[in-house]
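Participant: Here's the letter readout for the chains.
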Amino acid sequence: MTTATLPRPFLAQGWLRALVGTHVSRLVGIVMFGTIVAMCIFVPILSPYSPNDFVNMPFMAPSWAHPFGTDSVGRDIFVRTFAGGSVDLIAAAFTTGFAVIVGTTLGTLAGATKHRWADTILMRIVDAVIAFPLIILLLALVVAVGSDKPWGFAPAGLPAALIALMCVQWAVYARLARGQALALRNADFVVASRVAGLNPFSIVMRHITPGVSRITLAYAIGDVVLVVVILASLPFLGAGVQPPAPEWGSIMYEGRGFLRNAWWITVMPGAVLALTGLSLSFIADSLLDNRR
Amino acid sequence: MSTSDNLVEVRNLGVLLAGRQVIRDVSFDIPRGGALALVGESGSGKTVTARVLTGLLSRIGGKVNSGTATFDGQDLVNANGKEWRKLRGRMVALVPQASLSSLDPVMRIGGQLAETIAELDPGADIRLRSLELLDQVRLPRPAALLENYPHELSGGMRQRLMIALALAGRPELIVADEPTTALDVTVQKDVLKLLGDLRKETGMSLLMIAHDLAVVGMVSESVAVMRGGELVEKGATTKVLGDPAHSYTKALLAARPELAPVGTPLAVLDRETGELHRPELPVLLRPRQPEPIIRAEAIGMTYHNAKAPAVHPLDIDIAAGAAIGIVGESGSGKSTLGRILVGAQLPTEGTVLVKGKSWQDIRANDPLRGAVQMIFQDPYGALTPWRTPRQIVAEVIARWQGLHGRAALEAAGDLLDDVGLPLQAMDRRPGGLSGGQCQRVGIARALACQPQVLVADEPTSSLDISAQAQILNLLMRLRAERNLALVIVSHDLAVIRHMTDEALVMQHGRVVERGPSSRIFSAPDNDYTRQLVSSTPTLRRSA
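From first to last, the protein sequence lines are chains A and B. If you read the first sequence in numbering that gives the first Met the number 0, its first letter stands for residue 0, the second for the next number, and so on. If you read the second sequence in numbering that gives the first Met the number 0, its first letter stands for residue 0, the second for the next number, and so on.
Looking at chain B on its own, in the form it has when it is part of the complex (with noise of 0.2 Å):
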């Protein structure tokens, strides 16, 4: 037994994976009853430093290199088999996102925390202490819970009880590796809060990794930032969120829409020399047009043998030059309300006209289909695997540009190079590109349509932020130079206030508030909305 203050000491990690050296000379602590929060983009080596902790390095093949990782006194990097059996459950890993995958179906919720709690902590009143555990996690009326089987609880509850079931060894350490990125902000707020609580009441330690600097603010008192494998800054959560040292860390704050002004461009790194810098946008020149592009009346949509509409009716108009956000959470109906405003889906009722013309009378080949084009929020799956951006983009020029064969390509390649798109991945397969370059080519081919309106599906939500910062950069930029009018759909409060001027706050398929961004998101009328502003979790730029 240690006598150390800290829980968790890490030495000059290093750790080697296919080769690649991805860890290289990280230390931190984690003291008795602590937190710490492993903050960075993918690739940036957080949740392999956190396999180190939980043992399942090997299992992705990794190899520490250098430096030491104790638990408690107790090496990690050499630990044995048995030695890892003894230390689990006093060291836990929490993964809520996956709850419904990684819970029995089969099983009653009493029993699987039976089965845990008999490993875990042998010889306790099985009943008692798993009415204990679900009462620690807020579960209402536990007793009856114990009957019911994981489909028939709530998403919320799940993660409750996840959280529940790692609880029940009485773990000093839980290591929660992205704990609520697949979450409602609603639902994210709940589980932050209840990590918060509990580890008030308990006393253990929490590691958490996250991508998202809001979020470690509201559980972690102090954070490292990693990059590439190192850590490039580490201290109290108020100093490194307010006050940052490192170029990066500044980066990273500097990308997030709700603290910069907004509808103005957002600072991106540059790669070479270090410095961050604000492209220019030019000037949105912006003729109001009287007659939209797009009128959408009275459309909803029923999916077969669905009890309630996913869309209840509603009047969109999207003007050129236009900006107009539709926010809610998943289910809300509005990923259904952007594929029927481009025509990928026909409306159960009412109609899309696009320049009076409603979507059921437009052929592929009217010029009418091209004028209205989409935006994905899988950047992958948006782009066919065995073709490269530049004959996914030449295909859609020689459509509509009249370009055919070698023109084609280059019109393609110059039209890449437009959205930044660097040369040598133009000919590369999609599975060879990140995420962000992906999203460019899905943006490319928009454009090669010539449209007058783009409609983005969650364009960022699955991007890194900075990568998400020059996407946003990229969408403001096309729409001042192009007069592109733009509907945003996202759950992030902080992309749509940013972007938009108008905006649709939707829940269960019904708006219920809409008017201009600004107002939407200072001064809600609207009781959700309220609660939806109110679990964002934000940065404010400090003073």
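Just chain A, same shape as in the assembly (with noise of 0.2 Å):
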């Protein structure tokens, strides 16, 4: 009998390729998030102002020294634009990944157990949630939790909106994974694993598991873009991140009465917003289009 060689290491089979495989899109989406992410880094670090400096004349339009012009009292949007973009591509990843781990547990254990009265308490519950206007949530604890001061490191009015997502994002990917876990643990191979006397648990974590997470994921991608989207209109609600604080949201707000005359205070943020959004969902489209 030959003596089979084992797997070769992970870095071995050319990660880099299994990552991007053959999608124009993925490659695309991956290198212009990339890029806004990176931005995002590097602009406020190197950049000889910070966000909240007054550096120039105020209204000034796009010009080398100042690429998305300055705002109504001066500051550089550029710099405003970027330096915001952290906080909301880390509080939608927060969010979202949250969302995504609890959805996906709960979940797959309400699809896959043979429990149902488990099953059908939690979809009633993920019902109920989901039924649930995000809206008054929000403005509740706004009120609840105060937006006039900064919490560590989120800027003030940030965690009354985290918070809000947090309790509503997670029953989305309850359901989509208890839908896909319902269809899983029929297949023939988990049929085949519960046959071969394989533990239940272990079915669920290799057999059931990274099927449903596959599709969680790539569709958390696509929602990191909402997220963005929620929290940069929380500020027109008056709630959301408050000013001085830079955020996209808070940004275009400051700008929206200048629209005529300055329309670079709102539109800059707003293009790069629109962008990071493009860039998500090519990754997210390439990831479901993934056949096996």
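These are calculated hints, taken from the structure and not from any lab test. This structure is a prediction, so every number in the text was calculated from the model and none was measured. We treat Cβ as the ideally placed atom computed from N, Cα and C, and that holds for glycine. Be a bit skeptical, because a hint or two may be false.
Label-pair distances were calculated between CB atoms; the ranges are [unchecked claim]: (1) Pro199(A) x Trp385(B): 16 to 22 Å; (2) Ile135(A) x Gln359(B): 48 to 54 Å; (3) Asp288(A) x Ala123(B): 42 to 48 Å; (4) Arg115(A) x Ala522(B): 46 to 52 Å; (5) Gly33(A) x Ala17(B): 26 to 32 Å; (6) Ile124(A) x Arg405(B): 41 to 47 Å; (7) Trp150(A) x Pro104(B): 56 to 62 Å; (8) Gln359(B) x Ala127(A): 35 to 41 Å; (9) Leu274(A) x Arg405(B): 45 to 51 Å; (10) Ala127(A) x Lys306(B): 35 to 41 Å; (11) Lys306(B) x Ile129(A): 35 to 41 Å; (12) Asp288(A) x Ser101(B): 58 to 64 Å; (13) Gly13(B) x Ala273(A): 31 to 37 Å.
Each of the two chains sits in its own frame; use the hints to bring them together as a complex.
Facilitator: Below, the structure written as structure tokens:
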């Protein structure tokens, strides 16, 4: 008998190629998103100005010195946009990550368990959470948590928004995961694992969860954009990140009164937000399109 | 207009698909009123060839890069959209196995016929022509049928309706790609006979694509065998099937279980030498054991909300080393019975006892759980898509054989090697393996439990004939080496007859006949069994 060789280590399998695959849209998405993230990290560090410095005359149109122009009090919008981007992206990644983990875990267990009553109870809770209006919850939390002082690293107003999103967002993933797990639990390969006597926990972990999470993860990447958009629209309701902290929504909100003569205050951060959304949808689409 | 005797002429055809030369130098003719069957295994290029003739090659991104193909003198390779539209109706593609999805579910039969007739046979009296077509395909009470919806027809009737629709434009050529592959044998026989009769009545030509040589014998007087994009042999069907010239055709025939003595290993073509060889089987040592491993008493299954039971109560005992066949058509309850025997599903009546213990009381960690294992019909579906064969098998070895980590992976490699999986396939995801390779992995996983009974649900029905021969050989060898009891669930009488000692014939959830396999298939007692036997296309060894 031959002594078969063992699997090669992870890196040798060309993880970069595995990540990008043959999808052009995935590559484009990753490059675009990577550029935006890199700028969010490096622009505030390398720039001579800090986001809240009054650096020049107010309402200066985009130029080499100020690529996105200056706002109503003379702050550099380029710096503010990318400094604010890290707030938006970290907040979105944090709440979405929380939602994916909690939602996928609960949903997979609900779908895979043989105790159908547990599934029924969880899904009714999910229905209730999804039916609850997010904006009302959010405004209630803003009142309860307060939006006037920062919490640690989080600028004022952000904690209430994060808590509200975390309360609601997981339910969507739970429902998605449960449907997928229900389909997989009757798949031949799961039946085969059961017949082979594998223990139920490892069947869920190795033969169901990866199939579920590839769907929820792909969905989550697209969902990050949604969260960014929600965060960015909160200032328009008086909630969300409070000035003077930079954040895409609050920058755009400040610029809304000057659209006619200083469009760049609103349009520039909006364009960065749109590009972020586009790049993430490219990635998400290519992941969902991943035929085996 | 060409005056040639040939309706279709294909000369030195070459097709490029996804950068690969998938068809090389293929030439054949179909005479007016004649028939040709293109036969080959998956990847042989037979379907791509048919696509050249039906104008559907560009849809899959293929390109003709050499040779010609003509229909009634008209060039098909360079035909434009307008020319193709003129050809539609004169030349039709027929796909009866997709009958339910090809028919509009919300349109009455009459409406669907009217639409097609108006398009392909303008000026005809639609009602008269509809009745004529339904009559032509021998559908009973045509006038009443026009008012029905597709779901109100039986499967066999829908196939006839599909053929009627294909006939609406009075075609000169029908291209039928695997017309009967997914059909039950009794329905298959009807469809093949109808195609043959229609040819005689209307004088149309037929190009049939098939993987099954036996089916070809029933409809076509000439046959062309394809392999790897090349035509290896063509000629009269009787000649090719009776006295094949090419080694590949010989191999295809030798791989058929009905042509080999019962229970003997099937010949397999060696890919490197091109020689046929028959693997040796170890001598079957079978100490008779009085006590069966599985004893099923009055097991029955009625699904929730179902009108009739899927399986009517029946008894089965399975002893070590036994080989039992369960035969039936779709919906006969044979797969349900198989799943009940392995404990994948609990019966609603009766109990299955494994060495005296009911499946209900056998937990996942009970050694008895490993004693009865299963092989699935869909080899890809049975393997977790994101795990490699080695991981899949190692996990089961770790569970039952007390090996872990590296040792389990190495043992998995040895076991996979024993079932004939090539080394380079062991660390590939199942999506990158062939159907036969996936089936070997499924068998290795079952063996990792060190089972005493193996229940195989249609283990070879989605495999090519040569892969089928290899898997059947493997199962025979494992049975002999390990004194494994085999339960084979199949619609294929030839497989059951070749592999098993005892058989149950099922129809509508009931066992209509049981007894020694050799007797059941040579001298069936029951009418239904007789009908099954006579419907099955078989090749007889020519003297």
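Participant: Take the hints in turn and mark each one as holding or not.
Facilitator: Hint by hint, here is what the structure shows:
no.	hint	in the structure
1	Pro199(A) x Trp385(B): 16 to 22 Å	holds, 19 Å
2	Ile135(A) x Gln359(B): 48 to 54 Å	holds, 50 Å
3	Asp288(A) x Ala123(B): 42 to 48 Å	holds, 46 Å
4	Arg115(A) x Ala522(B): 46 to 52 Å	holds, 50 Å
5	Gly33(A) x Ala17(B): 26 to 32 Å	holds, 31 Å
6	Ile124(A) x Arg405(B): 41 to 47 Å	holds, 44 Å
7	Trp150(A) x Pro104(B): 56 to 62 Å	holds, 58 Å
8	Gln359(B) x Ala127(A): 35 to 41 Å	holds, 37 Å
9	Leu274(A) x Arg405(B): 45 to 51 Å	holds, 47 Å
10	Ala127(A) x Lys306(B): 35 to 41 Å	holds, 38 Å
11	Lys306(B) x Ile129(A): 35 to 41 Å	holds, 37 Å
12	Asp288(A) x Ser101(B): 58 to 64 Å	violated, 27 Å
13	Gly13(B) x Ala273(A): 31 to 37 Å	violated, 49 Å
Checked against the numbered hints above, the structure violates hints 12, 13; every other hint is satisfied.
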